[in-house]
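There are 2 protein chains.
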Amino acid sequence: MTAVRGETRARLLDTALGLFTVHGVEGTSLQMIADVLGVTKAAVYYHFKTKDEITEAVAQPALDELVAILDHAATMSRPGPRTDYVIDEFVDLVVRNRVLVAVLCSDPGIIRATDRILVGEESILSRLQAMLTGPSADEGAQVACQVALAGVAMVGGSPILVDMDDETLRHHLVDAMRRQVGRPRKRD
Amino acid sequence: MTAVRGETRARLLDTALGLFTVHGVEGTSLQMIADVLGVTKAAVYYHFKTKDEITEAVAQPALDELVAILDHAATMSRPGPRTDYVIDEFVDLVVRNRVLVAVLCSDPGIIRATDRILVGEESILSRLQAMLTGPSADEGAQVACQVALAGVAMVGGSPILVDMDDETLRHHLVDAMRRQVGRPRKRD
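Heads up: the protein sequence lines correspond to chains E and Y, in order. Position one of the first sequence corresponds to residue 395 (the working numbering), numbered consecutively onward. Position one of the second sequence corresponds to residue 395 (the working numbering), numbered consecutively onward.
Isolated chain E, as found in the complex (with noise of 0.2 angstroms):
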């Protein structure tokens, strides 16, 4: 039974990630998210009460592994090393997320939901941009760290590289994340 109930649930997150990228979060509803299903509204409700919790639902697994990204290098010790595995593994993240970080980040309802996490002291934000510039970056490098985090979440989820194959991709964002965070150029 519990099994039958989580596959249900992991369904009813990919149909509601599936409906979001088409009409937003705010133009899906769990109506809608029920049809797709083939389920009752009741059926939905069992396992989420409100919109809200599904975005949260939906968002959570790619930031668990960007918590887990950033226990981890928090217990590397030379910040060389450390930039470098954040830099790859945030990129990868990304690109293995692409549909999701694009509604992400073209939608209010999951800026809602995840600016609790993101956002504010301790947040994913300020500890990834501790991790890449270290705890005493000028202010210069902190912003050029954001422009290199949101620049890499905007194009790695935007329609207009949608031909562009996951490991070009990667290659490409690991590239363009490391020159903003001032290191060297990988070798091929």
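For the record, the hints were derived by calculation from the structure and aren't laboratory data. Warning: the hint list may mix true and false statements.
All copies of an identical chain are treated as equivalent in the list; a pair is satisfied when it fits inside any one copy or across any two copies.
No more than 20 angstroms apart at the CA atoms, straight line, and that leaves these computed lysine to aspartate or glutamate pairs for EDC-like [claimed, not checked]:
#1 Lys580 with Asp532
#2 Lys580 with Glu533
#3 Lys435 with Glu401
#4 Lys445 with Glu420
None of the values given here were measured: they were computed from a predicted structure.
Knowing the structure of chain E, use the given hints to seat chain Y on it.
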């Protein structure tokens, strides 16, 4: 009469942008705009038939400025000074329109309205990229340029940097963008 109409239209667009910032485009109705202005919904209808028309009109002045920047850049024959000019003017436009850019970057309503102008052949985005990297740039340089453009727009409009004054923000964003498109750092 025409002056009064023009003034009302300007007040209406200011009010709309203010409401978009708080409630998003999707969460703002023509009735809300009328209420804040203290006029009837019919008075709003006199100027704009749909919210999409308002959204486009809110974004139009900044987009017109961007086109003027690109038109001027197209008359410059030397690539280096042309790139420098586009970087300075693009960053300045973002910084002067921080509130608008914040809404532009995070709202599917405005993104839909501007996509027609921003994306596609001969779009503003492809013209911007061609002016910054030159027409024969390789794929990596194009991705780097897109990261810089998206990153500068996102960070320029970000609530995280709301306490940074315009001049400082402009300085750091120009530095970040120059680094990303491979221009030497400006001397202070």
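Quiz item: Hint numbers the structure violates, sorted upward?
Solution: Violated: none.
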